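As a plain string of letters, each chain reads:
2 protein chains.
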Amino acid sequence: MAMADMQISPTDDPRGSPGKEQQAAGVGILLQIMMLVLSFVLGHVLRRHKFYYLPEASASLLIGLIVGALANISNTETNIRTWFNFHEEFFFLFLLPPIIFQSGFSLSPKPFFSNFGAIVTFAIFGTFIASMVTGILVYLGGFMYLMYRLPFVECLMFGALISATDPVTVLSIFQELGTDMNLYALVFGESVLNDAMAISLYRTMSLVRSHASSGENFFMVIVRFLETFVGSMSAGVGVGFISALLFKYAGLDIDNLQNLECCLFVLFPYFSYMLAEGLGLSGIVSILFTGIVMKRYTFSNLSEKSQQFVQAFFHLISSLAETFVFIYMGFDIAMEKHSWSHVGFIFFSILFIGVARAANVFSCGYLVNLARPAHRKIPLQHQKALWYSGLRGAMAFALALQSVHDLPEGHGQTIFTATTAIVVLTVLLIGGSTGTMLEALQVVGDDHETPLAENFDGNNGYIAPSYDEEASSGNRLKMKLKEFRRSAASFTAIDKNYLTPFFTSHNGDEDEEDDPMPSSRRGTFRGRG
Amino acid sequence: MAMADMQISPTDDPRGSPGKEQQAAGVGILLQIMMLVLSFVLGHVLRRHKFYYLPEASASLLIGLIVGALANISNTETNIRTWFNFHEEFFFLFLLPPIIFQSGFSLSPKPFFSNFGAIVTFAIFGTFIASMVTGILVYLGGFMYLMYRLPFVECLMFGALISATDPVTVLSIFQELGTDMNLYALVFGESVLNDAMAISLYRTMSLVRSHASSGENFFMVIVRFLETFVGSMSAGVGVGFISALLFKYAGLDIDNLQNLECCLFVLFPYFSYMLAEGLGLSGIVSILFTGIVMKRYTFSNLSEKSQQFVQAFFHLISSLAETFVFIYMGFDIAMEKHSWSHVGFIFFSILFIGVARAANVFSCGYLVNLARPAHRKIPLQHQKALWYSGLRGAMAFALALQSVHDLPEGHGQTIFTATTAIVVLTVLLIGGSTGTMLEALQVVGDDHETPLAENFDGNNGYIAPSYDEEASSGNRLKMKLKEFRRSAASFTAIDKNYLTPFFTSHNGDEDEEDDPMPSSRRGTFRGRG
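Chains D and F, in that order, are what the protein sequence lines are.
Be aware that the first sequence starts at 1, since it is given in my numbering, and climbs by one per residue.
Be aware that the second sequence starts at 1001, since it is given in my numbering, and climbs by one per residue.
A couple of the hints might just be wrong.
[To be verified] Mimicking DSSO-like on lysine-lysine, the simulated pairs with C-alpha atoms at most 30 Å apart in a straight line are:
#, chain 1, residue 1, chain 2, residue 2
1, D, Lys305, F, Lys1248
2, F, Lys1496, F, Lys1248
3, F, Lys1050, D, Lys248
4, D, Lys305, F, Lys1050
[As the list claims (entries may be wrong)] Partial selection, computed: residues in chain F whose CB lies under 10 Å from chain D:
#, residue
5, Met1034
6, Leu1093
7, Ser1306
[As the list claims (entries may be wrong)] Using C-beta positions, here's what the derived DEER-type ranges look like:
#, chain 1, residue 1, chain 2, residue 2, range
8, D, Val41, F, His1405, 23 to 31 Å
9, D, His49, F, Val1221, 53 to 61 Å
10, D, Phe347, F, Gly1280, 45 to 53 Å
11, D, Phe152, F, Ile1254, 38 to 46 Å
12, F, Ala1374, D, Asn256, 46 to 54 Å
13, D, Tyr53, F, Tyr1249, 22 to 30 Å
14, D, Thr436, F, Leu1042, 32 to 40 Å
15, F, Ile1254, D, Leu245, 38 to 46 Å
Hints in this document: simulated from the structure, not taken from any laboratory.
Because the structure is a prediction, the values reported are computed rather than measured.
Each residue gets a CB set at the ideal place from its N, CA and C atoms; glycine is no exception.
For reference, chain D alone in the conformation it holds in the complex (with noise of 0.2 Å):
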């Protein structure tokens, strides 16, 4: 899948002596190849005794915390280090397309779409939300001696870092269980897509910071945040419209064809990433939309066998970048230095990431509410689930990484440290916890809540009943709500009438088969490392 070398600099010379660096490059690779395997058997063993305290990415990550502190200790040569080190280059264009392009492929659209209002409340508003009181608060913290103090704009660069979400133990744990529809919907499109407006802050704000000099105004902000924002959905879902077209006209769903129609079909998704960074774009965002786009009609005009392909084949390469990732991560924590002197700012950090996802998950179900019908209002105990599963991983730990670089005067090591701490605390408290944290909250089992399962069936007409008998009833928010929800009804109208038919060999009229919450190990709904 690697496509170009990643030795970018000029200045190193390899030529020195090949054979000797590869040969470290050997070793290094093949403990980490150990590490996989081992964290896939520990998971495996762990999950065939239902032992929920640890689940697979935990696991990943302490073993990779005790490699590296063995390494650390040990004196490890240097060149076969080097092979271990996290590299954001790296990170961001082999291990992180994979993971996200799976976690919008692996969206099943009726659930998804069924929630659709309710997602993107949770995922743009919400996350606006979350990252201003983190922000808001680290500012205040800071202003009151409580905590490291930070300029603001630096504030909601780390507000907006910490609020991308990682469900991916979560869900796993949820799966093995069984839990409601619509939570398990909520959850999952929820923390697919506040990574996009996680990192989409992130960079507007680190723009912000690096103008401030020319002062830029309020306004500009915004119009940066559409671009990165807008503009990577726009590329992703045109690169997905694209390769619908070609799949649909080219007639490579012939029997002997599948080898070609699956090569092409794995490089739309990596192409559209590419395109998106070589724009100066979001890549991450691109490939999210591709893969929400490529599963919807890109898939359905591949042959039978080309689609059971691709869907294992994605989900392969997805679970061994996800493991790796954790793996990573815990080496990478274990080795990099770290600036301890401020236990009070991760201290802090963490409390206020609680307080902001409140925030977040409390105002937005409120809202939320306020538009849908009685029998389909989000339950108390959803919203809590909801606020409980907001746990940190590889995507705040990417942007922290990076703020290392974006910021000075150790201000970014101080946010990597807290950043990093989060993530360990979050994976192994929240990741252990979840099962017992589903059952406190009587959320496990698939059949006990049947009214909002109803709701999939009363919903497949994709127009959401009972509006205009409520309309006058209703406040001013209320009617807006509404409108806002008839909107997103109208795209599933639309979605129906004009773009599957014209992207996709069939209809629109019949269901999708999907299974929404398949039985594997590792089930076809994921979340991203």
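Chain D is fixed; fit chain F onto it per the hints.
Quick look at chain F alone, frame taken from chain D:
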């Protein structure tokens, strides 16, 4: 698939402007993906129209050459250009492993093992002859002022590296046209194994060269060669056997563990490769034998779905890597500085490798025919086809690129330029004319060689017929050869009675179900790029 960062050197610092670097990387990779897509589409269109004069490999090479020439003329930004360069680390660590593994993995055991003696003769003994003949002729040429003069050891290094043949184009045309199964097995098996031999020889000669001052004797040379070859082979076979036992006893072939099964399966080849590299052996030789062993034993311990998947997976990965290598090669040829001052060297080298390959094929053909019973002798037109199919590809190119670092004073540069020219000429000329050649030799069409094809069934019992009746009539050489053949036959008996029952869940009785000449686009029988 990529497992670690390529930024080996600690001297380079991407911290300057990671955003800018990443954008340049994005543009570079984007162009590479576009070339890949173009190659696949072009190759498909050409094959559709049965235009055999420009096979896919040639098309990819030409695309790379053209884009490289354009990039050379135009004023591309240097940091984008850096993303295109051919780096040995990237090539050896990420592109070559899947290609070589696939060539071992796609070996169809039955035709391969029933021609085992002949293949080993051609690959081991024949490649040794070809290397020596080329090396000596080049040395003599230099001695007689016909061409650039190189020291004797360097001539042997050149002889070794240029003896690595690349059958991808020829084999894909064999498949399109349909040819005799024994001929196919010979061409395929020989070119798979001769890479291992060529690499081991090259490494040995390189070691001899660097220790020339300390005066190693001939005995040590042989020990070093055996160290590389046998050591790498044992590592590969060992890893393959371990994987077979793991999958036999882990009980992963139940329904919902497919992803775990596949994840572990795809990690083993890479493990074998890196293990050998880490031990200072040849990863390529090792992964090749891992491929053969995993196909024979591990593969049958997988669940049926996983079998389908891993087969398609390795096929896909190696197609991508292979096409990419040809593009990459063309691009690099257009970009690198070449010392064209030694045109004589190129001209005579081409002549000499033709002579050397004739010495290989016809002498080994003679030996093999001495040992074979009358109805199984290799006909002359098969030997001619084998001689003709010796085009040079990625392996020779990669070794030549390495020789630029290994050899001083422009010697490596001369070898590199000559190899480059040979690769381009043989891929374009031989690749383009294979169809015509096969028809001229009348080896096209599957069924016309029924006596040979029948032998497969005759050999099912794994013991070649008619040994003893002829034993008394031969001379001593013939006796020796028969003993060798007998040992090959006893190997298959060991395989059937001990290895297969031990390493798989089967009893070794059932037939392999492989269709030996698959009709897929680029069949399961693959060469290397």
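A quick look at each hint next to the structure:
1. Distance check on the hinted pair: Lys305(D) and Lys1248(F) sit about 27 Å apart at the alpha-carbon level, within 30 Å; holds.
2. Note on Lys1496(F) and Lys1248(F): the hinted pairing holds, with a Cα-Cα distance of about 17 Å set against a maximum of 30 Å.
3. A threshold of 30 Å between alpha carbons decides the hint, and for Lys1050(F) with Lys248(D) the separation of about 24 Å falls inside it, so the pair holds.
4. The hinted pair formed by Lys305(D) and Lys1050(F) meets the criterion: a straight-line CA distance of about 26 Å does not exceed 30 Å.
5. Among the interface hints, the one on Met1034(F) holds; its C-beta lies about 8 Å from the nearest C-beta in chain D, closer than the 10 Å criterion.
6. Here the hint on Leu1093(F) is kept, as its CB sits about 6 Å from the closest CB of chain D, short of 10 Å.
7. Taking 10 Å as the C-beta contact cut-off toward chain D, the hint placing Ser1306(F) at the interface holds, the least distance being around 9 Å.
8. At roughly 39 Å, the beta-carbon separation of Val41(D) and His1405(F) lies outside the given 23 to 31 Å, and the hint is violated.
9. The supplied range of 53 to 61 Å is met by His49(D) and Val1221(F), whose beta-carbon atoms lie about 55 Å from each other.
10. For the pair Phe347(D) and Gly1280(F), the supplied restraint of 45 to 53 Å holds, since their beta-carbon distance comes to about 49 Å.
11. In this structure the supplied range 38 to 46 Å is violated for Phe152(D) paired with Ile1254(F), their Cβ-Cβ distance being about 56 Å.
12. The given range of 46 to 54 Å is broken by Ala1374(F) and Asn256(D), whose C-beta atoms sit roughly 38 Å from each other.
13. A hinted range of 22 to 30 Å for the beta carbons of Tyr53(D) and Tyr1249(F) is consistent with their spacing of about 27 Å.
14. The hint said 32 to 40 Å for the Cβ distance between Thr436(D) and Leu1042(F), and at roughly 58 Å that hint is violated.
15. Evaluation of the 38 to 46 Å hint for Ile1254(F) and Leu245(D) yields a pass: the beta carbon distance comes to about 40 Å.
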